[in-house]
Structures are given as structure tokens and as C-alpha cells.
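Single-letter residue listing:
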Amino acid sequence: MRWFGNFVKWFLYITTGILIVCGINYKLAGIEMITVNIFWMILFSGFVTTLATVLLLPKEKDGRIKSYIKFALHYIALCVIMIPLGVWFDWIKFNLTGIVTMMIDVGGVCLSSMFVYYIIDCKQADEINRMLKKKYGDSEQ
Amino acid sequence: MKITIETPKPGDEDEVIIRCAAMDDKLLRLICTLREDERLTGYIEDKIVKLSLKDIYYFEAVDNKIFAYAAKETYEIHKKLYEIEQDFEHTDFLRISKSAIVNTSKIAYVKPIFNGRFEAKLKNGEKIIISRQYVAELKKKIGI
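Chain order of the listed sequences is V and F.
Take the first sequence: its letters are residues 18 to 158, numbered as in the working numbering.
Take the second sequence: its letters are residues 7 to 150, numbered as in the working numbering.
It is worth saying that the hints were derived from the structure and are not from the lab.
Since the structure is predicted, the reported quantities are computational estimates derived from the model, not experimental observations.
Here a beta-carbon is modelled for each residue, glycine too, at the ideal position from N, C-alpha and C.
Hints may contain errors.
[What the hints assert, rightly or not] Beta-carbon label-pair distances, calculated as ranges: (1) F:130 x V:19: 39 to 45 Å; (2) F:95 x V:29: 33 to 39 Å; (3) F:93 x V:152: 35 to 41 Å; (4) V:65 x F:115: 35 to 41 Å; (5) V:90 x F:93: 17 to 23 Å; (6) F:52 x V:81: 34 to 40 Å; (7) V:40 x F:105: 44 to 50 Å; (8) F:55 x V:154: 54 to 60 Å; (9) F:7 x V:76: 31 to 37 Å; (10) V:154 x F:93: 40 to 46 Å.
[Stated by the list, open to error] DSSO-like cross-link-like pairs, simulated, lysine-lysine; straight-line CA separation at most 27 Å: (11) V:140 x F:117; (12) V:87 x F:133; (13) V:151 x F:15; (14) V:140 x F:127; (15) F:147 x V:152; (16) F:53 x V:152; (17) F:85 x V:150; (18) F:32 x V:78; (19) F:133 x V:110; (20) V:150 x F:146; (21) V:78 x F:117; (22) V:152 x F:145; (23) V:87 x F:78; (24) F:129 x V:152; (25) V:150 x F:104; (26) F:32 x V:76; (27) V:150 x F:86; (28) F:15 x V:152; (29) F:146 x V:78; (30) V:140 x F:53; (31) V:152 x F:60; (32) V:78 x F:56; (33) F:129 x V:87; (34) F:129 x V:150; (35) V:151 x F:71; (36) F:78 x V:26; (37) F:60 x V:26; (38) V:151 x F:56; (39) F:78 x V:110; (40) F:32 x F:53.
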């Protein structure tokens, strides 16, 4: 159940990230008209990359170096997934510019998702700190 | 709430019995207060020390041994971590990872850290990791 909860949470963050990146890219490319299919493309990309994220992101028990390695592997896996998907969905052309664009986009989605995750954790920590202060005060016992 | 005080028979241990339909915050606080003075046997070098619960910041399992950390000293405890968790369930002590139980009254603040975990800075300056899976329990314990 916890795994599923984690999956849903990451799916929301990642899909929102992909939606924003798509919006920016379409705007920059000057595309004014899009089809309904774009939503299914975004949802499908979100689903596949969330699966990779949940499976590959470092676990709590992983040490610092192992975590960095897993972060790198996670990013590579996302690029490997998203480049063919990008070509299939006609988001990029299969050339150097297209690949680099997708790698930057994947990086952007990763960073924005992790930033949102961190912000939510900060909010949770603030709430805990407020209650700790209320319950025990500041004094050293 | 009805309060009854009885005098024990000579030689009997003092005992507090709480008869209630359900535990509420008021009762939990009462239990915490009663257990604050409870003592635990700690071992440091070749000495045996009676430790007061309220002086302990956290318990940690290291290499199959359990240690109790006070403000400055560290004592070995001859109990399992799960026994400590059960014994002090209704006090300020709470399991925060597979290997640690913290006295929530000794937490100065918590903050999120790398890898989805939280870190608790204790009032003696020490830092201890809170596993993500125990954050919900911590929130429940302090009334969120």
C-alpha cells in the first residue's frame, strides 16, 4: 500500500512536471494548436517514468555514494525511456539537438519533481516543529 | 472521572491502575508523567547506574547492543529495542527508525534531508535520522 501511495505521489509530481515542460516547449516552438492526444502522451510518459522512478530512486538504507550512483542511473534510465517516446510522440527529432533537448527536459522534470517533494517535506517539518514547540516548549529539560 | 485512592497492604508495591473505556490525550499525559520517574538500569564501564527516563535522549541499537544516550554519557542497556519500545509506548519515546527510539521531548527541531529522510536535532546538539516510514507516527504522537 505504501508503494502504491508513493507511486501516486511521484506520478502527480512527474506528470505535472512533464505538462509544464511540454507547455514551455510548445510555446517556444510557436505551436498554437495541439490535439487531445497530447494529454494521453503526457499521462503515458508520466506513468512510465514514474515506474522507473519508484524502482530506481535510492532507498533510505542506501549510503550517500550508492544514492548518487542510483540518482545517475535513474536519470540515464529516464533519458533512455523518454528519447524514443519523444520521437514516437513527435516531440523531438532523432538527432543531436533533439536528444540534447530531451535530456535537458528530463533534467528539468527531475529537478522540479524533487523540488516539490522537498518543499512538501519542509512544510511537514515546519508543522512538526510547531507542534513540538507547543507541546514541549523551547526549554532544555 | 472518578478517582479512588487505596492504601496498599503492608509490603505491597505502590500501583496505579487506570480503568478507562478509551485512552485519550489527558490519560496519555498522565501516564507519561507517572513514568517520567521510572528508572532503567544502565551499564557504563564497570558501573551500574539507575537512569531516569527523562534524562535519556534516545536509544540506539549498534552491533546487537542497545545504548541509551543521555546529555553527555552513553550507557549500555540490557534490553532489546522492541522491549524498550513496548515498555515505554505511552511515554514520550517513539521508534523513529529500525535502530533508534527517540525521546520526543528532547527534539529541538526536525528538517528534511537527502534521500527523503528527516533529521532530528536534539536539545543536546546531537543529530539523529528519522526514517520516512516513521514520520506519520511522530506526527500522531505529538498531536498532528
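Tested hints:
{"no.": "1", "hint": "F:130 x V:19: 39 to 45 Å", "in the structure": "violated, 32 Å"}
{"no.": "2", "hint": "F:95 x V:29: 33 to 39 Å", "in the structure": "holds, 35 Å"}
{"no.": "3", "hint": "F:93 x V:152: 35 to 41 Å", "in the structure": "violated, 22 Å"}
{"no.": "4", "hint": "V:65 x F:115: 35 to 41 Å", "in the structure": "holds, 39 Å"}
{"no.": "5", "hint": "V:90 x F:93: 17 to 23 Å", "in the structure": "violated, 43 Å"}
{"no.": "6", "hint": "F:52 x V:81: 34 to 40 Å", "in the structure": "holds, 38 Å"}
{"no.": "7", "hint": "V:40 x F:105: 44 to 50 Å", "in the structure": "holds, 45 Å"}
{"no.": "8", "hint": "F:55 x V:154: 54 to 60 Å", "in the structure": "violated, 28 Å"}
{"no.": "9", "hint": "F:7 x V:76: 31 to 37 Å", "in the structure": "violated, 47 Å"}
{"no.": "10", "hint": "V:154 x F:93: 40 to 46 Å", "in the structure": "violated, 26 Å"}
{"no.": "11", "hint": "V:140 x F:117", "in the structure": "holds, 9 Å"}
{"no.": "12", "hint": "V:87 x F:133", "in the structure": "holds, 25 Å"}
{"no.": "13", "hint": "V:151 x F:15", "in the structure": "violated, 42 Å"}
{"no.": "14", "hint": "V:140 x F:127", "in the structure": "holds, 17 Å"}
{"no.": "15", "hint": "F:147 x V:152", "in the structure": "holds, 10 Å"}
{"no.": "16", "hint": "F:53 x V:152", "in the structure": "violated, 35 Å"}
{"no.": "17", "hint": "F:85 x V:150", "in the structure": "violated, 31 Å"}
{"no.": "18", "hint": "F:32 x V:78", "in the structure": "violated, 37 Å"}
{"no.": "19", "hint": "F:133 x V:110", "in the structure": "violated, 50 Å"}
{"no.": "20", "hint": "V:150 x F:146", "in the structure": "holds, 15 Å"}
{"no.": "21", "hint": "V:78 x F:117", "in the structure": "holds, 18 Å"}
{"no.": "22", "hint": "V:152 x F:145", "in the structure": "holds, 12 Å"}
{"no.": "23", "hint": "V:87 x F:78", "in the structure": "violated, 37 Å"}
{"no.": "24", "hint": "F:129 x V:152", "in the structure": "holds, 15 Å"}
{"no.": "25", "hint": "V:150 x F:104", "in the structure": "holds, 26 Å"}
{"no.": "26", "hint": "F:32 x V:76", "in the structure": "violated, 38 Å"}
{"no.": "27", "hint": "V:150 x F:86", "in the structure": "violated, 31 Å"}
{"no.": "28", "hint": "F:15 x V:152", "in the structure": "violated, 38 Å"}
{"no.": "29", "hint": "F:146 x V:78", "in the structure": "holds, 24 Å"}
{"no.": "30", "hint": "V:140 x F:53", "in the structure": "violated, 45 Å"}
{"no.": "31", "hint": "V:152 x F:60", "in the structure": "holds, 15 Å"}
{"no.": "32", "hint": "V:78 x F:56", "in the structure": "violated, 34 Å"}
{"no.": "33", "hint": "F:129 x V:87", "in the structure": "violated, 34 Å"}
{"no.": "34", "hint": "F:129 x V:150", "in the structure": "holds, 12 Å"}
{"no.": "35", "hint": "V:151 x F:71", "in the structure": "violated, 34 Å"}
{"no.": "36", "hint": "F:78 x V:26", "in the structure": "violated, 41 Å"}
{"no.": "37", "hint": "F:60 x V:26", "in the structure": "violated, 38 Å"}
{"no.": "38", "hint": "V:151 x F:56", "in the structure": "violated, 30 Å"}
{"no.": "39", "hint": "F:78 x V:110", "in the structure": "violated, 63 Å"}
{"no.": "40", "hint": "F:32 x F:53", "in the structure": "violated, 38 Å"}
The structure fails to meet hints 1, 3, 5, 8, 9, 10, 13, 16, 17, 18, 19, 23, 26, 27, 28, 30, 32, 33, 35, 36, 37, 38, 39, 40 from the earlier list, while all remaining hints are met.
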